[in-house]
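Mind docking chains R and C on chain H? Use the hints.
Chains H, R and C supply the protein sequences, listed in that same order. If you read the first sequence in our numbering, its first letter stands for residue 1, the second for the next number, and so on. If you read the second sequence in our numbering, its first letter stands for residue 1001, the second for the next number, and so on. If you read the third sequence in our numbering, its first letter stands for residue 2001, the second for the next number, and so on.
No lab work stands behind these hints, which were simulated from the structure alone. All figures in this text were calculated on a predicted structure; none of them were measured in a lab. Where hints are given, some of them may not hold.
What the hints assert, rightly or not - Label pairs and their calculated CB-CB ranges: (1) H:Gly21 x R:Val1047: 17 to 23 Å; (2) C:Arg2075 x R:Leu1252: 49 to 55 Å; (3) R:Trp1141 x C:Leu2061: 20 to 26 Å; (4) C:Thr2079 x R:Glu1253: 32 to 38 Å; (5) R:Arg1170 x C:Leu2082: 18 to 24 Å; (6) C:Arg2049 x R:Asp1167: 45 to 51 Å; (7) R:Phe1058 x C:Gln2191: 52 to 58 Å; (8) C:Ala2076 x R:Pro1187: 33 to 39 Å; (9) R:Gly1260 x H:Gln38: 20 to 26 Å.
Said to hold, decoys possible - Here are a few chain R residues that face chain H, going by a calculated C-beta distance under 7 Å: (10) Thr1069; (11) Arg1071; (12) Ile1072; (13) Val1077; (14) Val1118; (15) Met1122; (16) Leu1124; (17) Thr1126; (18) Leu1129; (19) Arg1132; (20) Leu1235; (21) Ala1239; (22) Thr1242; (23) Arg1246; (24) Arg1247; (25) Leu1252.
Heads up, the beta-carbon is just placed ideally off N, CA and C, and yes, glycines get one too.
What follows is the residue order along each chain.
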Amino acid sequence: MIGLGEHAEFIIAAYVGVFSGLVVLIGWTIYAARRSQQRLKELGDTRSDAADQ
Amino acid sequence: MPSPKPRPSMSIETAPKMSWWNRLAHPGQFVQWTRPLVLPLALATAVLFVAGLWFAFFNSPADYQMGDTVRIMYVHVPTAWLSQFVYATMAVSALGTLIWRHPMADVSMKAAAPLGAVFTAMALFTGSLWGRPTWGTFWEWDGRMTSTLVLLFIYLGIVALWRAFDDQLRAARVVAVFTLVGAINIPIIKFSVDWWSTLHQPASVFRPDGPTMPGSILTPLFVMFFAFTLLFITLQLIAMHTEVRRRRITTLERRAAREGAK
Amino acid sequence: MSGFGAVLGREIRLSLRGGGEMLTLVLFFIIVGAIVPFAVGPDKDLLQRIAPGVVWIAAFLAMLLGLEKLFGPDRADGTLALYRLADLPLSAVVAAKVIAHWLTAALPLILASPILALLLAMDLAAFWRTLFSLLLGTPALAGFGAIGAALTVATRRGGLLAPILIAPLCVPVLIFGVGAIAPVGGPEQAQAALLFLAALSLTVLALSPFAAALAIDWGED
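Next comes chain H alone, as it looks inside the complex (with noise of 0.2 Å):
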């Protein structure tokens, strides 16, 4: 790692917080997903996009 000169705090943060971010929206995209083909199951859907992915 490198330095980051006088003003590393602010940017650790601005890269954590962007990140920490990201991480929060894609789990929450896949989460989302999963539990709709969840649902869709148990309300025995026959169509293909409901098993796989």
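Okay, now just chains R and C, sitting in the frame of chain H:
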């Protein structure tokens, strides 16, 4: 409310041959066509992010004017770009909803709104973290930050409007009207805020002619730019698939409730 | 034309008979303005400086307050459904309603603004500019208000939603409205702001009936 007549269920196998446009309009077909794209897109996004981070931290010099804070730009500029690109996506989808009643346009509008809100919030967050060392304040009422804040309010309003309706088909058309009204307004807001901030601010705080960017800064900027854009496209596709499934769930639940009531 | 006039007359009659609603609105406008000195202190110089902003904020909030009455009661008693079936295009009905809304919600505020100007230590020149900018700017607020009310009329919990939706859209109106009163950049900037305000009002007035009618029509089944 009269209950709709039971129609013979249309499946992908029995559907008549259609043009690609119509085929795209069939939610099931859309999911089938776009699902193979998700994994490659996700992989490309991951690779670009790793490369972008490597460039941003290990392979780019500090700017001669901004110093190391220029590294914040590598996450700020892509999110700021996405805050507008996502709105453009929504506005185009809104046109699709209003003019062609394209079913996937509804879905695309709904999937994009929360993504856009998050990217706009990130642009504000990184912008204020860049502003503290550069301008000496977390928040400056300058034209760009202020109009981005107003954009965030519009995004949140759109998300709230989606949630206020139970029937998502009606919601889609109403939200489409608001999205387009907002799209017409955003340039006016931008202009008015610029006019206002130049009046109220000493001109020395912010110079519109930024420092010229050498190639060493452009490389990480471009890599991150594509990484973020691909991430949005990937998330948008997954969220659209989820939304298609949600609508199917609603249909199935209604059908189950009707059969239960019989 | 007769249908348009009838809708306009009905709206005005309804709000005149509406049990002092107009009076409540004016009271709200004055009280919001009068409560500011308690919050920032009775310093005359300061009040004089922020007076244009306070008057505009008070007018903005007061106009948001009456939004629910714009389409809500008509939808509840079925009048809106009849309007949708009428020969008169829905956008013309909405245009009549916007005009009536301006006459019953904005004009009283403008007439009451001298009281606020007095309380906030405005000088006479600033007062005339305020009056002028309110006259030119409030039609845009009424137009945006109609859009917000139309978007949320079909929702069950639309009450707070309409102000949230249209407040960001009203930013230019506030900026140019206050800019026309307080000449930060000199008189020619105030003149420019006034012209922008007028252009904005005309554009919003021309387009909002169509957008609002579209939202009403498609918000229903």
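Against the structure, the hints:
1. At about 20 Å, the beta-carbon gap between Gly21 (chain H) and Val1047 (chain R) stays in the expected band of 17 to 23 Å.
2. Under the hint 49 to 55 Å, the C-beta atoms of Arg2075 (chain C) and Leu1252 (chain R), about 31 Å apart, miss the expected range.
3. With their beta carbons about 21 Å apart, Trp1141 (chain R) and Leu2061 (chain C) fall inside the hinted range of 20 to 26 Å.
4. The supplied range of 32 to 38 Å is met by Thr2079 (chain C) and Glu1253 (chain R), whose beta-carbon atoms lie about 34 Å from each other.
5. Roughly 20 Å separates the CB atoms of Arg1170 (chain R) and Leu2082 (chain C), a value that falls within the hinted 18 to 24 Å.
6. Here the CB-CB span from Arg2049 (chain C) to Asp1167 (chain R) is close to 49 Å, well matched to the stated 45 to 51 Å.
7. Under the hint 52 to 58 Å, the C-beta atoms of Phe1058 (chain R) and Gln2191 (chain C), about 55 Å apart, fit the expected range.
8. At roughly 37 Å, the beta carbons of Ala2076 (chain C) and Pro1187 (chain R) sit within the given window of 33 to 39 Å.
9. Taking the beta carbon of each, Gly1260 (chain R) and Gln38 (chain H) are about 21 Å apart, inside 20 to 26 Å as hinted.
10. The interface hint given for Thr1069 (chain R) is met, as the beta carbon of that residue sits about 5 Å from the closest beta carbon of chain H, less than 7 Å.
11. Residue-level restraint check for Arg1071 (chain R) holds (minimum Cβ-Cβ distance to chain H is 5 Å; threshold 7 Å).
12. Because the closest C-beta pair between Ile1072 (chain R) and chain H is about 5 Å apart, less than 7 Å, the hint holds.
13. Checking Val1077 (chain R) against chain H: minimum C-beta separation of about 12 Å lies over 7 Å; hint violated.
14. Residue-level restraint check for Val1118 (chain R) holds (minimum Cβ-Cβ distance to chain H is 5 Å; threshold 7 Å).
15. For Met1122 (chain R), the shortest C-beta to C-beta distance to chain H is roughly 5 Å, which falls under 7 Å, so the interface hint holds.
16. With its C-beta approaching chain H no nearer than about 11 Å, Leu1124 (chain R) sits outside the 7 Å limit, and its interface hint is violated.
17. The criterion of a C-beta within 7 Å of any C-beta in chain H is met by Thr1126 (chain R), whose closest approach is roughly 5 Å, and the hint holds.
18. Look at Leu1129 (chain R): its Cβ gets to within about 4 Å of chain H, closer than 7 Å, so that hint holds up.
19. At its closest, the beta carbon of Arg1132 (chain R) sits 6 Å from a beta carbon of chain H; the interface hint therefore holds under the 7 Å criterion.
20. Contact between Leu1235 (chain R) and chain H, as hinted, is supported at the beta carbon level, the nearest pair being about 5 Å apart and thus within 7 Å.
21. Given hint, Ala1239 (chain R) at the interface with chain H, holds; its Cβ is 6 Å from that chain's nearest Cβ, closer than 7 Å.
22. For the restraint placing Thr1242 (chain R) at the interface with chain H, the shortest Cβ-Cβ distance is roughly 5 Å, inside the 7 Å limit, so the hint holds.
23. At about 5 Å, the closest approach between the beta carbon of Arg1246 (chain R) and any beta carbon in chain H falls short of 7 Å, and the interface hint on this residue holds.
24. Hint on Arg1247 (chain R) is violated. Least Cβ distance to chain H is approximately 10 Å, over the 7 Å limit.
25. With 7 Å as the threshold, the beta carbon of Leu1252 (chain R) comes within range of chain H, its nearest partner Cβ sitting at about 4 Å, so the hint holds.
Of the numbered hints given earlier, the model fails hints 2, 13, 16 and 24; all others are met.
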